[in-house]
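Visitor: Protein chains in written order, with our numbering: chain A, 1 to 702; chain B, 1 to 265.
Worth flagging that the hints you see were computed from the coordinates, not collected in a lab. Hints should not be assumed to be uniformly reliable.
To be verified - Under the rule of at most 25 Å between Cα atoms (straight-line distance), these lysine to any residue pairs were calculated in the SDA-like manner:
{"#": "1", "chain 1": "A", "residue 1": "Lys505", "chain 2": "B", "residue 2": "Ala174"}
{"#": "2", "chain 1": "A", "residue 1": "Lys657", "chain 2": "A", "residue 2": "Phe583"}
{"#": "3", "chain 1": "B", "residue 1": "Lys88", "chain 2": "A", "residue 2": "Phe583"}
Stated by the list, open to error - Example chain B residues on the side facing chain A (calculated, C-beta under 10 Å, incomplete):
{"#": "4", "residue": "Pro51"}
{"#": "5", "residue": "Asn53"}
{"#": "6", "residue": "Val68"}
{"#": "7", "residue": "Pro78"}
{"#": "8", "residue": "Phe79"}
{"#": "9", "residue": "Tyr90"}
{"#": "10", "residue": "Asp193"}
{"#": "11", "residue": "Phe197"}
{"#": "12", "residue": "Ser198"}
{"#": "13", "residue": "Ser204"}
{"#": "14", "residue": "Tyr258"}
As the list claims (entries may be wrong) - Have a look at the derived ranges for each label pair, beta carbon to beta carbon:
{"#": "15", "chain 1": "A", "residue 1": "Lys643", "chain 2": "B", "residue 2": "Ser203", "range": "53 to 59 Å"}
{"#": "16", "chain 1": "A", "residue 1": "Pro285", "chain 2": "B", "residue 2": "Ser23", "range": "25 to 31 Å"}
{"#": "17", "chain 1": "A", "residue 1": "Thr374", "chain 2": "B", "residue 2": "Ser131", "range": "52 to 58 Å"}
{"#": "18", "chain 1": "A", "residue 1": "Cys604", "chain 2": "B", "residue 2": "Leu92", "range": "45 to 51 Å"}
{"#": "19", "chain 1": "A", "residue 1": "Pro64", "chain 2": "B", "residue 2": "Arg178", "range": "55 to 61 Å"}
{"#": "20", "chain 1": "A", "residue 1": "Cys604", "chain 2": "B", "residue 2": "Asn76", "range": "49 to 55 Å"}
{"#": "21", "chain 1": "B", "residue 1": "Ser241", "chain 2": "A", "residue 2": "Glu273", "range": "25 to 31 Å"}
{"#": "22", "chain 1": "A", "residue 1": "Thr530", "chain 2": "B", "residue 2": "Gln41", "range": "37 to 43 Å"}
{"#": "23", "chain 1": "B", "residue 1": "Ala34", "chain 2": "A", "residue 2": "Glu502", "range": "25 to 31 Å"}
{"#": "24", "chain 1": "A", "residue 1": "Phe684", "chain 2": "B", "residue 2": "Thr140", "range": "56 to 62 Å"}
Ideal placement from N, C-alpha and C gives every residue a C-beta, glycine not left out.
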Amino acid sequence: MKIKKIPKALMIERSTNFIILLSIFLFLLNYFKPEVMLSKTITTGGDMASDYYPAKYMRDYLLPNLKIIGWCPGWYAGFPIFQFYFPLTFLLMVLMSYIIPLQIAFKLVTILGIFSLPLTTFFSMKLMKFKFPTPIITAILTLPFLFIEANSMWGGNIPSTLAGEFSYSISLSLTVLFFGLLYRGLEENKFLISNSILFALVSLTHIYTMMFAGLTSAFLLLERKRKKVVNNFMYLFKTYFLTFLLIAFWFLPLMFYINYTTSYADTWRVGLEKMFPKIIAVFSPLCLITLYDYIKKGDKRLGFLLFSLVVSTILYFFAETIGLVNIRYVPFMELFLMIIAGYGLSRLVEKLEAKWLFAFIVLFVVSYFVKESTTYIPTWINWNYEGFEAKTLWDSYRSVNELVSGTQNDPRVVYEHSPDHNAAGTTRAFESLPLFSGRPTLEGLYMQSTISSPFIFYIQSEISKVNSCPFWNIWPCTNFNIEDGTKHLKMFNIQYFIARSEQVKTAVRNHPDYRRVEIIEPYEVYELMTNKNKYVIVPDYEPVLFETTNWKNISYEWFKDVDKIDVPLVFVKYISDEDIGRFKSIITNERLDDLTGIPTNQDCNIQEYVSNEEVTFTTTCLEKPHIIRISYHPNWQVDGADKIYLVSPSFMLVFPKEQEVRLWYGYSWIDILSYAATFIVIVFLIFYTFLNNHKVIKFLKR
Amino acid sequence: MKRLLLPLILLLIPYLVLASVISLTTTISTDLMAENTTKVQVKLLNSGDEPANNVQISLISDFQSNPVFVGTLTPNIPFEQEFNISLKEYILPGNYPLVVLVDYSDANAYPFSSVSPSSIVYKTPTVSKLSSMLSELSLTDKETKKLTLTVRNLDDISHELDVKLILPRELKVANGERTISIQSKQEKELSFDVSSFSALPGSSYVILASIEYEHEGLHYSSIGRGMIRITEKPDLIELPSWLPILVIIFLVLIFIYYQFRGKKK
Numbered sequence: 001m002k003i004k005k006i007p008k009a010l011m012i013e014r015s016t017n018f019i020i021l022l023s024i025f026l027f028l029l030n031y032f033k034p035e036v037m038l039s040k041t042i043t044t045g046g047d048m049a050s051d052y053y054p055a056k057y058m059r060d061y062l063l064p065n066l067k068i069i070g071w072c073p074g075w076y077a078g079f080p081i082f083q084f085y086f087p088l089t090f091l092l093m094v095l096m097s098y099i100i101p102l103q104i105a106f107k108l109v110t111i112l113g114i115f116s117l118p119l120t121t122f123f124s125m126k127l128m129k130f131k132f133p134t135p136i137i138t139a140i141l142t143l144p145f146l147f148i149e150a151n152s153m154w155g156g157n158i159p160s161t162l163a164g165e166f167s168y169s170i171s172l173s174l175t176v177l178f179f180g181l182l183y184r185g186l187e188e189n190k191f192l193i194s195n196s197i198l199f200a201l202v203s204l205t206h207i208y209t210m211m212f213a214g215l216t217s218a219f220l221l222l223e224r225k226r227k228k229v230v231n232n233f234m235y236l237f238k239t240y241f242l243t244f245l246l247i248a249f250w251f252l253p254l255m256f257y258i259n260y261t262t263s264y265a266d267t268w269r270v271g272l273e274k275m276f277p278k279i280i281a282v283f284s285p286l287c288l289i290t291l292y293d294y295i296k297k298g299d300k301r302l303g304f305l306l307f308s309l310v311v312s313t314i315l316y317f318f319a320e321t322i323g324l325v326n327i328r329y330v331p332f333m334e335l336f337l338m339i340i341a342g343y344g345l346s347r348l349v350e351k352l353e354a355k356w357l358f359a360f361i362v363l364f365v366v367s368y369f370v371k372e373s374t375t376y377i378p379t380w381i382n383w384n385y386e387g388f389e390a391k392t393l394w395d396s397y398r399s400v401n402e403l404v405s406g407t408q409n410d411p412r413v414v415y416e417h418s419p420d421h422n423a424a425g426t427t428r429a430f431e432s433l434p435l436f437s438g439r440p441t442l443e444g445l446y447m448q449s450t451i452s453s454p455f456i457f458y459i460q461s462e463i464s465k466v467n468s469c470p471f472w473n474i475w476p477c478t479n480f481n482i483e484d485g486t487k488h489l490k491m492f493n494i495q496y497f498i499a500r501s502e503q504v505k506t507a508v509r510n511h512p513d514y515r516r517v518e519i520i521e522p523y524e525v526y527e528l529m530t531n532k533n534k535y536v537i538v539p540d541y542e543p544v545l546f547e548t549t550n551w552k553n554i555s556y557e558w559f560k561d562v563d564k565i566d567v568p569l570v571f572v573k574y575i576s577d578e579d580i581g582r583f584k585s586i587i588t589n590e591r592l593d594d595l596t597g598i599p600t601n602q603d604c605n606i607q608e609y610v611s612n613e614e615v616t617f618t619t620t621c622l623e624k625p626h627i628i629r630i631s632y633h634p635n636w637q638v639d640g641a642d643k644i645y646l647v648s649p650s651f652m653l654v655f656p657k658e659q660e661v662r663l664w665y666g667y668s669w670i671d672i673l674s675y676a677a678t679f680i681v682i683v684f685l686i687f688y689t690f691l692n693n694h695k696v697i698k699f700l701k702r
Numbered sequence: 001m002k003r004l005l006l007p008l009i010l011l012l013i014p015y016l017v018l019a020s021v022i023s024l025t026t027t028i029s030t031d032l033m034a035e036n037t038t039k040v041q042v043k044l045l046n047s048g049d050e051p052a053n054n055v056q057i058s059l060i061s062d063f064q065s066n067p068v069f070v071g072t073l074t075p076n077i078p079f080e081q082e083f084n085i086s087l088k089e090y091i092l093p094g095n096y097p098l099v100v101l102v103d104y105s106d107a108n109a110y111p112f113s114s115v116s117p118s119s120i121v122y123k124t125p126t127v128s129k130l131s132s133m134l135s136e137l138s139l140t141d142k143e144t145k146k147l148t149l150t151v152r153n154l155d156d157i158s159h160e161l162d163v164k165l166i167l168p169r170e171l172k173v174a175n176g177e178r179t180i181s182i183q184s185k186q187e188k189e190l191s192f193d194v195s196s197f198s199a200l201p202g203s204s205y206v207i208l209a210s211i212e213y214e215h216e217g218l219h220y221s222s223i224g225r226g227m228i229r230i231t232e233k234p235d236l237i238e239l240p241s242w243l244p245i246l247v248i249i250f251l252v253l254i255f256i257y258y259q260f261r262g263k264k265k
C-alpha cells in the first residue's frame, strides 16, 4: 500500500490552522468558564432569562404533541409561540435535553453562535478557495467583532448574545458559511441541496440574516457571459425554492398572520463611532487593500464580500420602510468589514516567508488587543450563566412563586414592573412566573408575537412605579393609577398582584379590592378579591358590533378610557346579516362617543376548564355573548357556537348554541398547506439523496 | 523589507477602545413654596454616546409628586420636565431635602439609577448649621462594607437630627435611617453597612445623606454627597501585563529573521 506523503508546507499550514482555531476556542473558553457553563442552573440576565420558559414549553408540551408551533397561555393572555419567532435554536436545545439537562443544553446553544463564528468564517473562506493564511486570519479577526462592547442588542457580538440575541448569533454564523458554500456551489454546480438546507437553517434562526443573505447573493448574477447568468439564476432559483418549501411550515403562516402581531419598526440614530467602534475601526484601513485588489484583479470572491457591505448599508437605510429596525443590519457591516480586512491583512504577507508565523503574530496581537479592550463582558457572562439560583433574591423569588403556584387553569398573576427585580437575576425575572409557578402572567418576551401586548404594557404602566413601555412611540403608556389599573386587571382575570416598591405596596394595601396574602421581603403579594377568577364570562353590558378596518387603534382608545370598558366592542371588517341579528347595537362610523351600554341582565352558571390549547365550558345562557379572556387568533376554532369574534381589547367572543362549548387552537388551511409543502420536499430530498441513481431521479436531473 | 514593514506596523498600532457610555447630568431648579404647591424644574442631559432607555424621573421628598416617564433620552439632547409638588400634610416652614431619582436602562435593558440632591424652601428659608461628609468606599459586588458619615454641629446649641442615607437602587443599606442627638460643636461618626444589590462592577454611584432638624418652629436640612465604587473581585493568578507584549515582540523578531534567512538561501 502506497501512502501519499503530504508536502511539508501543507503540513505546516494545516497545523497552524488547527492550533490557531484551537487557541481561539480556548480564548473564548477563558470567558465562558466551563464550571459556570456546565452548572445545572437556569440562565438569567436581560431577556435571556425569559427564553428558558419557551424552551421548556417546547420540551414539555409542544414536542410531545408533535408540534413546534402552538399556543402558549403563559404570557400576553396567550400567544402563538414560535409562530413569529425562530424555533430552530429552541428545537436544538430540546433535542440536546434528551441527553443532557435542559439547563445546560440551553446554555450551550446560547453560545453556539459565538463559538462557531470563527470556524464558519474559516471554512467559508476555504470554500471560496482563498489561499493560506487568509482563512485563518479572517477567523482570528472575528474576535474583535465578537467582543464589541459599543452595542448590546444589535446582534452577533457577545453582549447582544447575552441580552438574548443568541438566535441571531447562530444565524449570522450560518450565513457566513452559506456565503462560502453558495459561492463554491455556483462555481462547480454542486451543493444545491446542501445550500438549500443551509439557507433554511439561516432562515429558521433569523429573518434579518435571511434577507441579508438572499439579497447579497444577487451579486452572483453579475456575470459577463449570458449563459453563466442564466445558469447562476437557475441555481439560485432552485436553491431558494427548495428553501422556501423547507421553511414553508413556519414561514407561510408567519406571513399570512402578520396582521396578528404588534409591529415594532424603529429607526435608531447612531453615530459612526458607535457603528464602527475602535475595536473594529482600527482594522478598517485594511479593507482598502481588498478593494484595490478587487478593482485591479476583478476577483469575484472579493466583489461578493464587498457587495455584502453595500447590501447591509442599503437595508440599514430602508429598514423602517419595510417595517424593521435599522440597527439590526449594522452587525453585517461590522462582521464583513472584519472579514474583508482579514483578506487585506493576509494579502500583505502574500510574498513573504513564514506566513504561518505571521498568522500566530496576528493571533497574539488580536487576542491581546481584544482582552485589553474588554471591560464588562466577563461580568455579564458570569451574571447570566451562574443563573437565578445564585442571586441574592433567589430564596424570596422562589417563595413568591411557590405561594402563587398553580396551573394554566387558574387565574393569572401580575407583578409590578421594577428595576429592582434585577437583584433576582433580571428586571424581567417575573416573566418566568409560568416557569417557576405554573401560573400564567401578562408580560413576557416576544412582545411582537401578539395583538395583546400594547394593552398589557399599558396595564404595566398603571400598576408600576416605573414602567418600561416598549411601544412608547406607537402605543403610549400612562403613569401609576391603581384605580384604573385594577379595572384592567379584572378584565385580564388577575387573581394575585406582586408589589415591589413602597409606593405601590402602600396603594394596593389601602385599596378596598385587595387583601394582603403574604409579605416575602422585598415583595408583598396581594389578592384581587373582586376579580371573578373566570376566563369565560358574560359581560355586564351587551357587546357593540363595530365595523372597522382600524380595530387596533379603536380598541386602544377604548381600553384607555375606563368609563367605556364595561361595554365590549366586537370588531368586524364587514357586517353580515347574521351579525345584525345577534347584536343589539352597531357602530359603523368608527366613533366611540356613541357607545351606550345595554345591560345583559343575565345570571348565568358557567363552568370552565382551560388547558394549554383548549378551553371548554358549559353555560346556562345559550345565544348570549360569552367573552373568553384569551388573546384572539384566527387559528382558534369552536364547537358549540357558530364562530369566534374578535372582542375588545383583544379577546375572543362566542354566542353558544349548545350548553357545552369547546374552543381549541387548531390548524387553518394555510397551516395544512404549509406543512404539506415542507413534508413533501423533505420526502423528496430524502429520496433524492438516497436514491441518487434511481431512474426517476435521473429523469428529474435531466 | 518594505513588504515586511506595512503588516507589522498595522499590527502593532497601540490604541485603546472606548466603550459606549450613558452619562446623565441632572439639573434641578426649585421655587420657593409660598403656598401648598410649587413647581420643580428638572433638566436631564445624556452627555454619553449611548441612548438611555426607559428613563423615568421620580422625586424623593416630604412632598406629593408623580413620577414622569421620559422614554428614550438621546445623547446630547436635553430633556426638561416641570413637576408640580404639593404638601402631603402639615409641615413646619423651612428648608427640606429634595432628591431626584432617575431610573433608566441601557441598550441591554440592564437597569440603572442615579440620585441627585436639591432642596425646597417652604415659606421661610433656613440655613442648616450642620455639615456632613461621607467617606469614599470601594466594594466588590458580593461584600458588605462600612460607610462612615461624619456629622459636625457648627451651631451653639445641641440638636436632635434625622439622618437618612439615600442610595441608588443598585446599592442597599441596613438601617439607613437614624435619629441622633448632637451637642454644640460636636463631631459624630455614624457607620452604615452598605452592600451592592445589583450594581455593575466597574461603575461608580453617587450616594447622598440628608440631615434634618427642627428648631424654634423652623425646619433645617442639608445633604452630604459621597461616592461608592464597585470593583471587580481580583483574579487569584494574574499574569504580568508585559508578558504578552514580550511574546509578540519575540514572534515578530523571529518573523523578521525568517525573511532574511529566506534571502540568504
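Visitor: Take the hints in turn and mark each one as holding or not.
Guide: Evaluation of the provided hints:
Distance hint between Lys505 (chain A) and Ala174 (chain B) is fulfilled; the C-alpha atoms sit about 20 Å from each other, no more than 25 Å. Taking the CA atoms of Lys657 (chain A) and Phe583 (chain A), the gap is near 15 Å; set against the 25 Å cutoff, the hint holds. Annotation: proposed proximity of Lys88 (chain B) to Phe583 (chain A) is violated, straight-line Cα distance about 49 Å (limit 25 Å). Look at Pro51 (chain B): its Cβ gets to within about 8 Å of chain A, closer than 10 Å, so that hint holds up.
Look at Asn53 (chain B): its Cβ gets to within about 9 Å of chain A, closer than 10 Å, so that hint holds up. Hint status for Val68 (chain B) relative to chain A: holds, with the closest Cβ pair at about 7 Å, below 10 Å. Among the interface hints, the one on Pro78 (chain B) is violated; its C-beta lies about 16 Å from the nearest C-beta in chain A, farther than the 10 Å criterion. Taking 10 Å as the C-beta cut-off, the interface hint given for Phe79 (chain B) is violated, the closest approach to chain A being about 14 Å.
With 10 Å as the threshold, the beta carbon of Tyr90 (chain B) stays out of range of chain A, its nearest partner Cβ sitting at about 20 Å, so the hint is violated. Taking 10 Å as the C-beta contact cut-off toward chain A, the hint placing Asp193 (chain B) at the interface is violated, the least distance being around 14 Å. At its closest, the beta carbon of Phe197 (chain B) sits 5 Å from a beta carbon of chain A; the interface hint therefore holds under the 10 Å criterion. The beta carbon of Ser198 (chain B) comes within 4 Å of a beta carbon in chain A, closer than 10 Å, and the hint placing it at the interface holds.
Interface restraint check: Ser204 (chain B) against chain A, minimum CB-CB distance 14 Å, threshold 10 Å, status violated. Given the 10 Å rule on beta carbons, the hint for Tyr258 (chain B) holds: about 4 Å separates it from the nearest Cβ of chain A. Separated by about 56 Å at the C-beta atoms, Lys643 (chain A) and Ser203 (chain B) satisfy the suggested range of 53 to 59 Å. Between Pro285 (chain A) and Ser23 (chain B), the C-beta spacing of about 30 Å keeps the proposed range 25 to 31 Å intact.
A beta carbon spacing of about 42 Å between Thr374 (chain A) and Ser131 (chain B) contradicts the range 52 to 58 Å that was offered as a hint. Take Cys604 (chain A) and Leu92 (chain B): their Cβ atoms lie about 59 Å apart, and the range 45 to 51 Å is violated. Taking 55 to 61 Å as the suggested C-beta distance range, the pair Pro64 (chain A) and Arg178 (chain B) conforms, at roughly 58 Å. Against the hinted window of 49 to 55 Å, the Cβ-Cβ separation of Cys604 (chain A) and Asn76 (chain B) comes to about 60 Å, which falls outside the hint.
The hinted range of 25 to 31 Å is satisfied by Ser241 (chain B) and Glu273 (chain A), whose Cβ atoms lie roughly 26 Å apart. Thr530 (chain A) and Gln41 (chain B) have their C-beta atoms about 41 Å apart, which keeps the hinted 37 to 43 Å range intact. At roughly 30 Å, the beta-carbon separation of Ala34 (chain B) and Glu502 (chain A) lies within the given 25 to 31 Å, and the hint holds. Against the hinted window of 56 to 62 Å, the Cβ-Cβ separation of Phe684 (chain A) and Thr140 (chain B) comes to about 60 Å, which satisfies the hint.
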